[in-house]
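Top to bottom, those sequences are chains U and X.
Per my numbering, residue 1 is the first one in the first sequence, and the count goes up by one each step.
Per my numbering, residue 1 is the first one in the second sequence, and the count goes up by one each step.
It is worth saying that the hints were derived from the structure and are not from the lab.
Watch out, some of these pointers could steer you wrong.
What the hints assert, rightly or not - Cross-link-like lysine-lysine pairs, in silico, DSS-like; alpha carbons within 25 Å at most:
no.: 1; chain 1: X; residue 1: Lys77; chain 2: U; residue 2: Lys371
no.: 2; chain 1: X; residue 1: Lys77; chain 2: X; residue 2: Lys29
no.: 3; chain 1: X; residue 1: Lys222; chain 2: X; residue 2: Lys29
no.: 4; chain 1: X; residue 1: Lys222; chain 2: U; residue 2: Lys371
no.: 5; chain 1: X; residue 1: Lys211; chain 2: X; residue 2: Lys85
no.: 6; chain 1: X; residue 1: Lys77; chain 2: X; residue 2: Lys113
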Amino acid sequence: MSPRRLRAVLQKELRHIVRDTRSLLLALALPLLFLVLFGYALSLDVDRIPTVVYDGDQSPESRDLIQRFAASRYFQIKGFLGDYHDIEHSIDTNQALVGIAILRDYSRRLDSGQEADVQLLLDGSDSNTASIALGYADTVLRQYSFELRTAGENHKAGMLLPSPVDAQLRVWYNSSLESKNFIVPGLIAVILMIIASMLTSLTIAREWEMGTMEQLLSTPVRPAELVLGKMMAYFVVGTADTLIAVVAGISIFQVPMRGSFLLLAATSGLFLFGALFWGIFISATSRSQVVAFQLGLLTSFLPAMQLSGFIYAVENMPPPIRLISYIVPARYFVKLTQGIFLKGIGVDILWREILFLGLFGAAVFLLTTRKMRQKLA
Amino acid sequence: MSAAVEVDNLVKAFGDFIAVDHVSLAVEKGEIFGFLGPNGAGKSTVIRVLCGLLSPTSGCARVGGRDVAREPEQVRKTIGYMSQKFSLYDGLTVEENIDFFSGIYGVAKERRKERKSYVLRMAGLEERKGSQTRLLSGGWKQRLALGCAILHEPPVLFLDEPTSGVDPVARRAFWDLIYELSSVGHTIFVTTHYMDEAEYCHRVGLMYAGKVVALGAPADLKRDMKAYSLLNLETSDLLASMRAIENQPGIRDTAVFGAGLHVTVDDPQAASAQIRDALASSGIEIRRLEPIAPSMEDVFVAVVEAEEKKQS
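For reference, chain X alone in the conformation it holds in the complex (with noise of 0.2 Å):
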């Protein structure tokens, strides 16, 4: 059985700029794959050359086993697609949006009516689908979207940043969609930039300038990075802590985070010691120093602080 989503060796080019530099990466029926990556890493790109909207500039794209750049029309009836910007029609009213998506993914005339009605109820919006689709809310309005690219139940589903812009409880909301729609066997292949989002994932690939540069299920991302170990220290303050701490043996980085500081240890019993030390001999009082697990915004981190290293 091929994988649902394949990416061998990309390329994207822009004229000089390379906006995709040799991606490769897969994706299984029925998972969640999230895209992780700063703006301009090239995650947009990937998406949209798997939908079709770009042609690679070498290497290869598939979807479904069929190569995107062989077959985009058959490929375009098998996936979902929901970009960045909101990009359903404004003027027409939610139920004119669903009707017209309907007609032109070719969803079955006795299907469309279950469909419709699927979707109303799933975006929340049975209430308002004669209502203009530009008074909606944000959270409605990204709802209203996923609807209208599942209409005709695509085996793919590709969301380029859904729940930017959206408040966290409608996000929740979102990603409860997610779920439901992947565990009736959508494949999933959303961009995000949101940390916790990434938490949601089954598998993450982490892009940085263009390349992918770590792939893995978020646990064992954050068990790789245990090679190193985490400390949360918490002092009076903060940037002086940091200047005294930082270009010491054993300390491999220190970040801002909340009220904190993340610092990666080599020896987190060493460390602790030494950091005491130093912050002690600048005079800067200790609140709190402990070891602590990492989330998916310290691998994130880490992983992009060691590209910028590897590439100045």
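Next up, chain U with everything else stripped away, as it sits in the complex (with noise of 0.2 Å):
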């Protein structure tokens, strides 16, 4: 390896880069771009479900029951409506989610102490957003009960029973269970190795098509040089990159940054080194840009959308799935930002997926310039 010769590659392509303003103000812009489209799109939270409701009871215990659905986050009531079978209607045009049908002897029946039937209807065509839904009129129904029921009874008493059991629920790391925190850290990893394997894939294909390639080839500059020289020239435009998506990440969607800024800048480097050369041999390996840029994009973006339990758990997918999913290495920095934005964890937890980074980017580098090693034909 020969300092003058790396010095050289290295200079030449950070000059194609700034030449290249287009190319290079697209490379800018793209994670705050992704970050957008898919923080914003990609929120996971059910709330102010499209309610409507159909009381037939009209008293003053039925309005206290949809009061209660009222005051939560979760409901929002769309309308009242006078007839049971306007419910299927509003479902059907999609204007509810959810209606909640109170029957005629709703309070009559409390008050005799006989079980009162309140009925809830669901769309279930979206199966997750309904079972979610229901999970939370559960909630609110089974709480509104069991308050009905203490209340009677220590009227009954006469005095303030203790409640059995009370669970004292307190959710950590994400404490209002917004899933824009759990998504934004881990849509950064993904947004990098989208990018990051981006930049690079054209970087050889072009030498090739352009002849430059064989010239390169006569000369004493090595596979290695080569190789590092490209890298380090695009690691500028991914630290750039890690750094925007970073920044927005957290003011724009305030996603808390609870562990050290170091650890997260040490292991986004060590997880450009591998994207970057996985771009690269890409690019070794397809000496075409149009094949190069679509290998690029398919090799990177579907593993780390689906691969990476940024938002699917790996854990639930089936064993042969799981095993792949092992080698994308957007699946270890994704636990990384998770672990240092939300957690705040270090290297004694994450030490695994630190080592594993570091194996890739050497594997993929070693495998790069072996490919180039190989003769024109």
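Hey, can you piece these two chains together into the complex? The hints should help.
Printed below as a string of structure tokens:
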């Protein structure tokens, strides 16, 4: 390895990057674009569920129950219907996801100590949202009926009875259970994977297409110097992208950053090595810019989106797919960003992920130089 | 002292296709060696093997006494290569291209400035060192490519059709450069399909269908051809004349050359009389009929046609 040749390659690549203003601007705008697009669109939170009510009882008791739903941030009462059958119409026309039907004898049955039925109708065509809505509704109703029962018993006993079990719930790391706090750090990892491999996926294919590769192969420059020099140049762009994504995540999305910035920087750097080398590898393999771009996108975007666990839990996947996910570097980096951002944990816990990223980078680097050492034909 | 370039029984096959078929040749130090042949004859393949871009299927290629397949890295330090396709960086300026190649050829720091100004002067690009390479005309690009290939003062230069697509004036200027380089000791191995350029070479090798079919100094090759004589024939109807004299005894070959025919014959005296008779009986008017000295182009055509006949 000659520092002089490495420097020559690095300098040349930096010049290419700076000259190609349009690509550079695009590369710097992409993280923001992705972050806004996915960060806002990929909200998994189910709240303000549109709800309609048929109140056949029209009593203080029934209004009290409806008030419970209205007060919850998960339900938004869209309207009161005069006819039970209008609920079906509201759900069919997507005006409501949930219909609450309270029957005529609700308050009478409550007063006489009988079981009073409340009917919930849910749009199950979006099964995920429906089951979450069902869970929320169940909680509201349970809480309400528990309160009614204790009130009744207290009344009977003439004193305040202690409740048997009182669960003290505390959610750690993301206390408001906002999905953005979980999505955005993972998203940063996914974005970097995609951008990094796209940045470098053209770099060697372009040299093949322009005929400059043939020239380079006739010179003393070594594959390792070419690959490293190119990687270092794009590393600068990748670092800028990382910075933009992290700053945007913290400022626009208000994601808490509880861990060490230094660790985040170091692991991002390590991850960038691997991702950039991956792009160069794709580029060296395909020799045509069109193929390289498509391959680069395919091999970074899909695994990063689907197999990194940034939205879809890897643990729930069938074993063969889970096995594949182990070689997806984004999977480890998602763990790292989520761990550092939300949990504030350090190397003592995350060392496995860090080790893997290092191994991945080294392996792809070796693979790429080997690929480049092959001759023209 | 070993030759600057030695090729010994070199074979390069791509699958079933044999691009280079047992080629042997040697180029001495300081020599300008021209490699001629029709497109697809295998010239570029030989050059690519010599530059370490392709590995030989069998046989041996040595540059400066070093085996290209065994010591590619050592060989690469001692050669300059200019490929058929323009292969500098379009988006970089003239100066930046020079700096880049200076860096990867490992030109010593204290020599860089001097080499850069030499190349700029040689290519006539001093005024344009700041312009982007894509804006240069063909002749300039080609001189810059040559300049970048000699930054590290390589003992051996491989030029693969360096003058294709360049105007005649620029071609002439380019050959002046090649002479200059050869006079200071560079060995130059150049492929071309311009026959006039072949005349400039110290020695030429003629390649046809993967084989070297003639090898020697241009003057020697022309003299060898004088076993046969060449007549220049101009008539009122070229194609009819060709038909009339073809297949006559003593006439070996006819080929269209500019406005006339070049007729290869055994005995110029007898053949001239024969041609006059044949054309007179066909009613074709003879404007000119004279013996001439063969050019490299004649040698080329004659050798290629002889090979074609041999193969069919």
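Going down the list of hints, with the structure as the test:
no., hint, result
1, Lys77/X x Lys371/U, "holds (22 Å)"
2, Lys77/X x Lys29/X, "holds (17 Å)"
3, Lys222/X x Lys29/X, "holds (24 Å)"
4, Lys222/X x Lys371/U, "violated (48 Å)"
5, Lys211/X x Lys85/X, "holds (24 Å)"
6, Lys77/X x Lys113/X, "holds (19 Å)"
Going through the hint list in order, the structure does not satisfy hint 4, though it satisfies all others.
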